[in-house]
Amino acid sequence: MGENIEIPAPKSAYPPETRLDPSLAYPPDADLRRLLRFEPDSGAIWLGERRMVLLHTVALTELRHDLITSVGKEQARRLLTRMGYACGLHDAGFAAKTRGSQTLEDMFLVGPQLHMLEGAARVTPVRLEMDAATGHFEGQFRWDDSWEAHAHRLKYGLVDEPACWTLLGYASGYTSAFMGRLILFKEIRCSACGDDHCLIEGRPIDDWPDGDAHRQYFEDDSLLEKMAALSQQVEALKSSLEPTESGGMLVGSAPAFQRAHDLMLRAAGTQVTVLLTGETGVGKERFARALHDHSDRASGPFVAVNCAALPAELIEAELFGVEKGAFTGAHAARAGRFERAEGGTLFLDEVGDLPLAAQAKLLRVLQEGEIERLGSESARKVHVRLVAATNVNLEAAVERGQFRRDLFYRLNVYPICIPPLRERAADIEPLARHLLARFMALHHKRLAGFSDRALQALVRHGWPGNVRELENLVERGVILAAQGGVIEAEHLFPNQPDVAHDGLDPQGRLARRAPQDEQRLCEQVLDSGLPIETLEARVLALAVERSRGNLSGAARLLGLSRAQLAYRLRRENPND
Numbered sequence: 001m002g003e004n005i006e007i008p009a010p011k012s013a014y015p016p017e018t019r020l021d022p023s024l025a026y027p028p029d030a031d032l033r034r035l036l037r038f039e040p041d042s043g044a045i046w047l048g049e050r051r052m053v054l055l056h057t058v059a060l061t062e063l064r065h066d067l068i069t070s071v072g073k074e075q076a077r078r079l080l081t082r083m084g085y086a087c088g089l090h091d092a093g094f095a096a097k098t099r100g101s102q103t104l105e106d107m108f109l110v111g112p113q114l115h116m117l118e119g120a121a122r123v124t125p126v127r128l129e130m131d132a133a134t135g136h137f138e139g140q141f142r143w144d145d146s147w148e149a150h151a152h153r154l155k156y157g158l159v160d161e162p163a164c165w166t167l168l169g170y171a172s173g174y175t176s177a178f179m180g181r182l183i184l185f186k187e188i189r190c191s192a193c194g195d196d197h198c199l200i201e202g203r204p205i206d207d208w209p210d211g212d213a214h215r216q217y218f219e220d221d222s223l224l225e226k227m228a229a230l231s232q233q234v235e236a237l238k239s240s241l242e243p244t245e246s247g248g249m250l251v252g253s254a255p256a257f258q259r260a261h262d263l264m265l266r267a268a269g270t271q272v273t274v275l276l277t278g279e280t281g282v283g284k285e286r287f288a289r290a291l292h293d294h295s296d297r298a299s300g301p302f303v304a305v306n307c308a309a310l311p312a313e314l315i316e317a318e319l320f321g322v323e324k325g326a327f328t329g330a331h332a333a334r335a336g337r338f339e340r341a342e343g344g345t346l347f348l349d350e351v352g353d354l355p356l357a358a359q360a361k362l363l364r365v366l367q368e369g370e371i372e373r374l375g376s377e378s379a380r381k382v383h384v385r386l387v388a389a390t391n392v393n394l395e396a397a398v399e400r401g402q403f404r405r406d407l408f409y410r411l412n413v414y415p416i417c418i419p420p421l422r423e424r425a426a427d428i429e430p431l432a433r434h435l436l437a438r439f440m441a442l443h444h445k446r447l448a449g450f451s452d453r454a455l456q457a458l459v460r461h462g463w464p465g466n467v468r469e470l471e472n473l474v475e476r477g478v479i480l481a482a483q484g485g486v487i488e489a490e491h492l493f494p495n496q497p498d499v500a501h502d503g504l505d506p507q508g509r510l511a512r513r514a515p516q517d518e519q520r521l522c523e524q525v526l527d528s529g530l531p532i533e534t535l536e537a538r539v540l541a542l543a544v545e546r547s548r549g550n551l552s553g554a555a556r557l558l559g560l561s562r563a564q565l566a567y568r569l570r571r572e573n574p575n576d
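Here our numbering is used: the first residue of the sequence shown is 1, the next is one more, and so on.
Hints may contain errors.
List time: in silico DSS-like cross-link candidates among lysine-lysine, alpha-carbon distance up to 27 Å [to be verified]:
#1 K186 x K73
#2 K445 x K361
#3 K361 x K381
#4 K97 x K73
#5 K97 x K445
Label-pair distances were calculated between CB atoms; the ranges are [stated by the list, open to error]:
#6 V392 x A360: 15 to 25 Å
#7 T103 x R51: 28 to 38 Å
#8 A309 x Q367: 56 to 66 Å
#9 Y567 x A308: 20 to 30 Å
#10 H56 x R520: 20 to 30 Å
#11 A309 x T103: 54 to 64 Å
#12 D131 x E429: 57 to 67 Å
#13 R215 x D131: 39 to 49 Å
Calculated from the structure, these hints are not laboratory results.
Glycine included, C-beta positions come from ideal geometry on N, C-alpha and C.
Whenever a hint applies, use it, and build me the whole structure from the sequences.
In structure tokens form, the structure reads like this:
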């Protein structure tokens, strides 16, 4: 059932229509203050997973003025309302995540509290009735010191119509996300019109007599969003099935990547043997497939072989085929990979792991264009384009006697080095978005994308596993993220440690905040009631115990010098 939420305040501070029935105050906002993080070293401000920015109100004032002047008042109002609406939708996500275990009302009041924390206005709930089950909502809130009313009045003086368009959009977006239906907030009073404060009232848009006139500011884009989502899925599926001018599944604009891509395109129109080099996971097989797709052999087969995955005693039979009776168990003749790739492309991955005997036969194929099945005395002509790949230094393998020098020269006619992902940081975000579209289609998920913090975490990661690792992380994120939500950093890197940052103390001042693990530890110490002297003595003793009496080792554990530790120990045990 809906409940009336009544916030206590001095009755004399409000005219009769905005007086409050004292019943319930704002919940403590320490949980919200923790969401606001300042990272001076990286130049970023965060509200949960969303990156924020501090702006001068004078800049926003000029933006409003320029919009009104250039596109007209109505279109400017719609744009600013939609901007606020989007902010409200995102803050509703914070509310569910931050106070999901609390009452509906406490969870809802995150919005007004965040509105104040973000500097929009001082918000005082006057009346609040909400029932999530029925969708009933009626709310009235007082705004004091609205930045938007002040900005509008500063530019245009007193006006006849309310002007807090962005803030109204925020309230509507936030509440609509909560109630699952469009809630329209209107200003009953506005300080831009000469009132000493703003007063807003919200209810479902159909409950307003003039609700239809306001729909233009909250046009339902769900159909357009669904069409965009379907378009993304179609493009993702097409990129998996068809070659494109950018090289099939290849995505990237970094100079090193583009050089490799250009070399691949130049080789595609020839019959030259190509050697792809690069670290594990950089996408050598995708380059090989793109090379095949852009060649005149595209209609032929593409056969891939991982040389490292085949046992040494079977690799010759797999590559060149066997005749019936060639060895025990060979009950029938069988074509090898070269014959299966006839008229197309054979991709030999990890070619450096081929045994020397197989290397000799591979060299003959490259020189003569023919193979011999195991157990056969006759040669068979093959018309195959060979693409080899390795993540090891073949020249070094030649010097060690592990790889034939003459074969190396035959393979190394046209080398293409594919750069690791850490050397093409600008490609990480477009690659991640490309993979997101593909995995949303694969797993039948519709997501809003990556959070700002998730994208930052992706760019900062070292990527030892390269593109393959990125694929795995994005797929995991798609699976873990809620339907219609965003992929957050914790979905991609669940064990990533928290770091110290600046936040807001209870007085609203910037202060260094410890990581959450340290914060929890400090809270446990305080809750234990253990005196600080006793705690220090026990920690010192434990460090000495772990170091088996070695004071230098114990000092390193504590981040002290040996002399500092010895002084503290003498202070604790003056008679020793």
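Quiz item: Okay, D131 versus E429 on CB: inside 57 to 67 Å?
Solution: violated, 42 Å
Practice problem: Starting from the hint 15 to 25 Å, judge whether the C-beta atoms of V392 and A360 obey it. | Solution: holds, 19 Å
Practice problem: With respect to the beta-carbon atoms only, verify the hint that R215 and D131 lie 39 to 49 Å apart. | Solution: Violated - the Cβ-Cβ distance for R215 and D131, about 23 Å, lies outside 39 to 49 Å.
Quiz item: Taking 27 Å as the top limit, are the C-alpha atoms of K186 and K73 close enough?
Solution: holds, 17 Å
Quiz item: Holds or violated: are the alpha carbons of K97 and K73 at most 27 Å from each other?
Solution: Not OK: K97 and K73 at ~37 Å, beyond 27 Å, violated.
Quiz prompt | Range hint 20 to 30 Å (beta carbons of H56 and R520) holds or violated | solution = violated, 37 Å
Self-check item: Hint consistency between K445 and K361 [alpha-carbon to alpha-carbon, up to 27 Å]
Solution: violated, 49 Å
Quiz prompt | Consistency of beta-carbon spacing, Q367 to A309, with hint 56 to 66 Å | solution = violated, 26 Å
Practice problem: Using the Cβ atoms, figure out if T103 sits within 28 to 38 Å of R51. | Solution: Hint holds: Cβ distance 30 Å, inside 28 to 38 Å.
Exercise. Could you say whether the range 20 to 30 Å given as a hint is met by the Cβ separation of Y567 and A308?
Key: violated, 58 Å
Quiz item: So the hint says 54 to 64 Å: do the beta-carbon atoms of A309 and T103 match that?
Solution: Distance hint for A309, T103 holds at roughly 57 Å.
Quiz item: Given the hinted pair K97 and K445, is their alpha-carbon gap at most 27 Å?
Solution: holds, 20 Å
Consistency note: the structure conflicts with the earlier hints numbered 2, 4, 8, 9, 10, 12 and 13.
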